[in-house]
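Peer 1: One-letter residues, chain by chain:
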Amino acid sequence: MILEKVIAAYSEAVFDTDRDKAFEVIHEAIAQGVTPEDIVFKVVIPSMEQMIKAISEDFDANLAQHFMASQIASQVTDEMVAQFQTSPETIGRVVIGTSHGDMHTLGKRIVSGCLRSLMIDVIDLGVNVSAERFVDTALEQDAGIIAISSMMVHTARSEYSCLAVRELLKQRRLEDRIKIIVGGAPYTWDRELYKVVQADAWASDGISAGKVIKDLIMEMHK
Amino acid sequence: MITGMDRLVAAIKGEKADRIPVFCNLLDQGVKELGLASLHDYYQLGEYVAEGQLKMREKYGYDNVWSLFYVGKEAELLGCRKILFSPDGPPNVEHFVIQSYDDIHNLEIPDDIIHHPVFAEELKCLQILKREVGGRYPICGYVTASMALPALLMGMDKWFELLFMGPPDVRDELLAKCSLFCQRHIAALRELGVDVIVYANPFGSTDFVPLPYIIKTGMPWMKQDLSAGTQGIVYYCGGARFNQVIESVISQIGIETYYLSPLDDIATGKQIINGRGLTCGVINDIKLIDWSEEQIRQEVKRMLAAGMAGNKFLFGTILMPYKIPERNIRAMLDAVYEFGQF
Chain A
1 MILEKVIAAY
11 SEAVFDTDRD
21 KAFEVIHEAI
31 AQGVTPEDIV
41 FKVVIPSMEQ
51 MIKAISEDFD
61 ANLAQHFMAS
71 QIASQVTDEM
81 VAQFQTSPET
91 IGRVVIGTSH
101 GDMHTLGKRI
111 VSGCLRSLMI
121 DVIDLGVNVS
131 AERFVDTALE
141 QDAGIIAISS
151 MMVHTARSEY
161 SCLAVRELLK
171 QRRLEDRIKI
181 IVGGAPYTWD
191 RELYKVVQAD
201 AWASDGISAG
211 KVIKDLIMEM
221 HK
Chain B
1 MITGMDRLVA
11 AIKGEKADRI
21 PVFCNLLDQG
31 VKELGLASLH
41 DYYQLGEYVA
51 EGQLKMREKY
61 GYDNVWSLFY
71 VGKEAELLGC
81 RKILFSPDGP
91 PNVEHFVIQS
101 YDDIHNLEIP
111 DDIIHHPVFA
121 EELKCLQILK
131 REVGGRYPIC
141 GYVTASMALP
151 ALLMGMDKWF
161 ELLFMGPPDV
171 RDELLAKCSL
181 FCQRHIAALR
191 ELGVDVIVYA
201 NPFGSTDFVP
211 LPYIIKTGMP
221 WMKQDLSAGT
231 QGIVYYCGGA
241 RFNQVIESVI
251 SQIGIETYYL
261 SPLDDIATGK
271 QIINGRGLTC
281 GVINDIKLID
291 WSEEQIRQEV
301 KRMLAAGMAG
311 NKFLFGTILM
321 PYKIPERNIR
331 AMLDAVYEFG
341 QF
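Protein chains in written order, with full-length UniProt numbering: chain A, 1 to 222; chain B, 1 to 342.
There's no promise every hint is true.
[To be verified] Below, computed lysine-lysine pairings styled on DSS-like, alpha-carbon distance capped at 27 Å:
| no. | chain 1 | residue 1 | chain 2 | residue 2 |
| --- | --- | --- | --- | --- |
| 1 | A | K211 | A | K170 |
| 2 | A | K211 | A | K195 |
| 3 | B | K323 | A | K170 |
| 4 | B | K158 | A | K21 |
| 5 | B | K59 | B | K16 |
| 6 | A | K21 | B | K216 |
| 7 | A | K211 | B | K158 |
Read the hints as simulated data drawn from the structure, not as lab findings. Just so it is clear, the structure is predicted and the values come from calculations on it, not from any experiment.
Here chain B stands alone, though its shape is the one from the complex:
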């Protein structure tokens, strides 16, 4: 039987399996599979999250599982004491660790993430996923880039203020600490057997900052974040566009997988990557809430027609909103399974 890992490895090599790989990023939906009362309850135990991930992968038949609980977990590892849970969407960071520049000086980066008490449930989740599907279905982890992590620690507007108008020494001190955290987080996930690490960096997108800024200022930090190598790293800008940046990232950093924005042109992205890596075409999953099943089918067909030629292509979603009806998730996957066959 062909597994998700077989499909991914075939795609990386430019070979054909039965169909293209499908990365379907369902996180919060796990609570429904387990019949728990709330997302708050669901995210309290690694066993719950692992079970949710395994059940959803089994139920829908896509090719990946996630060790990520929610993005704010990184902030918790760095001292965040309050997360705002919602009944129907991802939790938000409510307590910002950095309220003043002194807090930046005092920010401590954990030496040992794996044995950090805040990581205990993720560790359990990862161990279960590894035991149950390791080697057969790619286990995904999520790491926020040094340039984006401050937004989780101080809020995006305060980070913009420091980044563009603040004292350069304070800004660089924070970036250095965030980069160290990023490196340690990546190392921890790799040690625990994570296969695919989504390296999330909205500041690597031209929707966020100008291209010259990315090349001059962003790229050195990305290099530092990824100094241990780019094996398994996926370039992702939080859904923001980055087709214009791909050439520089390939030549300067060497990342081999690009998780495009739904707003990027898939054919153009693939043309720029030009066989030097894997391209993921990503559906606009916010539209999946209201689209009809036929609209979804046509959109998937369009995307795959743009991306499948020449192989080295997979289909993906962003973090799928909780409100997407199950029938629409199935419609999307059925269409990928149909049109994504070789």
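Next up, chain A with everything else stripped away, as it sits in the complex:
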């Protein structure tokens, strides 16, 4: 019962982009005996999944809500994980960065925060990332997903961006091991663009990317 109330209060604070209130709810729950593990697995993750579901059902969340939801969730998760009795298992690993020539960081940050709160390990390569670096890092770090964020249409479609990552995966026969997901403004404007750049999947916003990536990971684990 207490967890239901915590989820409701926490979700409301996240929806209102009220970070202080969200932390207040979590800290009160901890004071009442809720474990850090339950905060992550029974509050933060279900709340994030509720938001993903709401967005998929046409709830018109804006960028500020996406940003704050992901930041609050990842910050709460970081704080709670530090208090876990045993190290948590992550469900998969993602290498993320902006495409070659692209300096825009917001989308990548929202996705990263969302993924961390879903217990997915994130390796953030920053901005203006070359195809070689994406693929080499994914191999070195045993990541199953490469996530490429682009804010501009020419960086999304560039032969040095997703198309080059695809080419490298083909050359190195890694297409079964590593999947590519793309996102960012150009993909929202042209919903077929992910096919043009030969990605495996795309997401229309940073929060939904959490679900798309989680689903891809689960599919690869089958």
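Dock chain B against the given chain A, drawing on the hints supplied.
Peer 2: Leaving out everything else, chain B in the frame of chain A:
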């Protein structure tokens, strides 16, 4: 002969010229017209940009020219030392002026933009445009709103962090400086004869922030940015939607031209504006890369059917991607010239 300015003035007054005005925003494409090796070369000289603008307007027959080089120019005026050029798209800000809160305290806003060395080439470009087409074709300038400018100075995610989670005094100090820059930039462009100033503010869109936030927090900054008046100002949210915001902007700020998002419903936008200003229906120009000429023609026809009734309407694009084939630019314009006739 009817000019672009005649068409624009007629549209503002709700009168009919030969056809609706067409604002076709080709920037990077100028490099091809001049046969230069790279966009980096093209943007080094005001003469090049002016010539590119004049050649493209002449070649395609649309109604406006731009004094804008690329959006990052504003960051350069505020100290940005590195722009990342691309072979086939707009340059990006690579060096962010603000790396820490101390950089906000130290940020200096130039008193005199017109004579600032970084503005020298834009000044030349503007002078050429004014001389060649002034009074006949509207000269457009681009100014980033105070609430959006920090994204060019520190990156969007750091700006979101400061805006929503940072110390309010630091945030407000930055916004005050950005608003001052915005006001001075607008004043400079007006003094140099720019006719139309696109006031770019993604934070005025409900895709970015909730409506109550825009009304409570965004609106006061917009008022401050535009305290010298709204003559020639165009409300534009970087392609993001703002139909829900129009009523508040009209009643509180009085802007008279709205450059809708391609995702906004044109008829709804026009209904909200309700004759109190000019509505620009904007095509999804990313789709222009792959659409067939027939698809483009049908889309233009649909847009104009939604927007032309009752006049006070023009057709526009966002900043058109470099990869749009020339035949598709022509297909779009031919369709507007055909269906946009009165």
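Peer 1: Is the hinted pair B/K323 and A/K170 satisfied, with a Cα-Cα distance of at most 27 Å?
Peer 2: holds, 26 Å
Peer 1: Given the hint that B/K158 pairs with A/K21, test it: the Cα-Cα distance must not exceed 27 Å.
Peer 2: holds, 22 Å
Peer 1: Checking one constraint from the list: CA of B/K59 to CA of B/K16, max 27 Å. Satisfied?
Peer 2: Holds, at about 24 Å.
Peer 1: Would you check the hint for A/K211 and B/K158, treating anything up to 27 Å between C-alpha atoms as holding?
Peer 2: holds, 25 Å
Peer 1: Please verify whether A/K21 and B/K216 have alpha carbons no more than 27 Å apart.
Peer 2: holds, 20 Å
Peer 1: If you draw a straight line from the CA of A/K211 to the CA of A/K195, is it 27 Å or shorter?
Peer 2: The given pair, whose Cα atoms are some 19 Å apart, holds under the 27 Å limit.
Peer 1: For the pair supplied as a hint, A/K211 and A/K170, is the alpha-carbon distance within the 27 Å limit?
Peer 2: holds, 26 Å
Of the numbered hints listed earlier, not one is contradicted by the structure.
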